[in-house]
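Protein chains in written order, with the working numbering: chain A, 1477 to 1768; chain B, 27 to 378.
Among these hints, one or two may not hold up.
Only pairs whose alpha carbons sit at most 35 Å apart, straight line, appear in this in silico DSBU-like list of lysine-lysine [stated by the list, open to error]: (1) B:154 with A:1755; (2) A:1506 with A:1755; (3) B:36 with B:368; (4) B:154 with A:1506; (5) A:1762 with B:154.
Read the hints as simulated data drawn from the structure, not as lab findings.
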Amino acid sequence: MAFFFEVLINGLLVGVMYSLVALGFALIYKASDVFNFAQGDMSLLAGLALVGFLTVMPLWLAILCTIGVMTILAYGTVYMVFRPLLARPPLILFMAAIGLSFLVQGIGQAIWGTDAKGLNIGIPDNPIEFGEIWISSFDLIFGAVAGILVLLLVLFFQKTRTGRALRAVADDHEAALSVGIPLLRAWAVTWVVAGIVATVAGIAWGSRLGVQFSLSLIALKALPVLILGGIDSIPGAILAGLVIGAGENLAEVFLGPYVGGGIQTFFPYLVALIFLWFKPYGMFGKEIIERV
Amino acid sequence: MFYRECGNLKDSYASDMAIFPIPLDRWGVGVMLILAFIVIPFAASDYWLSSIMIPFYCFSLAALGLNFLTGYAGQVSIGHAAFMAVGAYSSLILYSRYGIPLIPSVLGGGVVAAAVGAVFGIPSLRLKGFYLAVSTLAAQFIIEWVLTHWKWVSGGVFGTIDTPALRIFGFEINTATEKYFLVLCFLVPLVVMGKNLVRGHLGRSWMAIRDMDVAAEIIGISLFRDKVTAFAVSSFYAGVAGSLVTMTYYGAANIEEFNLILSFHLLGMIIIGGMGTVLGSFFGAGFMVLLPILINQTMLTFMQRVPSDLRANSEAIVFGALIVLFLIVEPYGMARLWQTVKDKLRLWPFPY
Chain A
1477 MAFFFEVLIN
1487 GLLVGVMYSL
1497 VALGFALIYK
1507 ASDVFNFAQG
1517 DMSLLAGLAL
1527 VGFLTVMPLW
1537 LAILCTIGVM
1547 TILAYGTVYM
1557 VFRPLLARPP
1567 LILFMAAIGL
1577 SFLVQGIGQA
1587 IWGTDAKGLN
1597 IGIPDNPIEF
1607 GEIWISSFDL
1617 IFGAVAGILV
1627 LLLVLFFQKT
1637 RTGRALRAVA
1647 DDHEAALSVG
1657 IPLLRAWAVT
1667 WVVAGIVATV
1677 AGIAWGSRLG
1687 VQFSLSLIAL
1697 KALPVLILGG
1707 IDSIPGAILA
1717 GLVIGAGENL
1727 AEVFLGPYVG
1737 GGIQTFFPYL
1747 VALIFLWFKP
1757 YGMFGKEIIE
1767 RV
Chain B
27 MFYRECGNLK
37 DSYASDMAIF
47 PIPLDRWGVG
57 VMLILAFIVI
67 PFAASDYWLS
77 SIMIPFYCFS
87 LAALGLNFLT
97 GYAGQVSIGH
107 AAFMAVGAYS
117 SLILYSRYGI
127 PLIPSVLGGG
137 VVAAAVGAVF
147 GIPSLRLKGF
157 YLAVSTLAAQ
167 FIIEWVLTHW
177 KWVSGGVFGT
187 IDTPALRIFG
197 FEINTATEKY
207 FLVLCFLVPL
217 VVMGKNLVRG
227 HLGRSWMAIR
237 DMDVAAEIIG
247 ISLFRDKVTA
257 FAVSSFYAGV
267 AGSLVTMTYY
277 GAANIEEFNL
287 ILSFHLLGMI
297 IIGGMGTVLG
307 SFFGAGFMVL
317 LPILINQTML
327 TFMQRVPSDL
337 RANSEAIVFG
347 ALIVLFLIVE
357 PYGMARLWQT
367 VKDKLRLWPF
377 PY
């Protein structure tokens, strides 16, 4: 039983990371209808930038500079890519995001190199014992950081003027425009927020797996999370991340040996598919009511 | 002046329903066919035939398949490379393990892919938009997993099957020119069939579903039948394309070739080429196949001193930037560009 809980808790902690990436997707989708496929590449870029900055400056400054890079990326993307594509069909925006993902990947790797780099930001990675369960202190600390980040985001969206403007934009573009909210600036701020979320995810995954190309593939891990929770739902992204993280880990450990292993790659999709058959807009997604 | 639609009187139902009602279009298609069948095989070098024309044709076919699904029926799929893989593996299993002749095994690969595609099309009954798109990713991952983990499929060695010698009626296909003709002889009938399919009842039902599926259901279109058919037909084309590209270009069925990136490239082909047009599939495939080669060659000429990984990254940058730029300049694809050219040529060089 202790083993079961160990697998479960480790799965939940991995799920927190999935939630973070899915959160970035959900934020941007809600605000601008862009299914931002470059979210994973933004994490990669953040990781690469952080590793690059760490060689010449202390940690806190490096993180600030990384967020600066993400801000430049956010403004560049919104004003150079998505402003000319305003009011285009969602599929075209999606394709633009795929193009963007090539672009971000290429830029990041051209500046900071293609080779895998280790990232050590000084958080200890020792197993801590709780009864019979062993949990990595790194995962635990990052779980807490992610929790604080989500809390800050909630405060930002609920209590600040900018946050309220962003929620208005997410609700209805035209209504937001008509009360004088600058749409493009709101989008840019949303992209910055998504960039910060991507940075945290990039640091977490980068410290674990090294900063390299495969970091951008965590986007694929986040997609089933996203549809399970509902594409435009932030609580959905968080909850579904935990469900998928735990479910995937449990399935790999307890089910994997019977079917030949490696089922982690598609198990989340299977879960999401089965769930969506009953609730086609995910757990908390906005249901679209159609009429002729 | 140069593109004339007038003076073209239809005096029978047959001429009213013709694929190319305008004589100029008929001539144009005739010229293209002569080019494809006679000029290119004799004028082009082996490198051009085997590394550019063959993949171009195969990916055009796959893009056409995806265009049925996404461009005509409006169901986005980002797992289409997996259906190509299914076609590739099953046709090679049929051909090399069971000794079935080449043509039936290629078509058989397509049929197996169609069956698999139909199964993965079932969620489309409930899911829409990006929910559906992400769920088609499930096809990509599940099929990749099956092909690498089930020993029976791959024969056990690294999930690859080598292509044996290709034979049709005892005639061996070895050279680039012969392979080129093999691909072309599959391509032309399938494209004609596809063009007729989208002009007919099924194609119109698909377009109705694309435009508004609730309304389509009300006027009596069976959503279940037509959405699943769209997935099946589309996967059939992908499967045939996959088996052809494996037999004539890659040389061995390998799951690595049919990864997610290829799925995105296919989607890029139809979006850049033009959704909901047969011609657009060819334009898009040309763009996506030729562009990386072009970028690569240009980089080689101008940036020889630059280390190779930087070159690879600059390729990615240029590729991504060109996709974005193209979408900004012409969001409805190259087919629309062609339409604009035709509209202009109607009057040009006269002002009106």
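Quiz item: When the hints from earlier in the document are held up against this structure, which numbers fail?
Solution: Result: no hint breaks.
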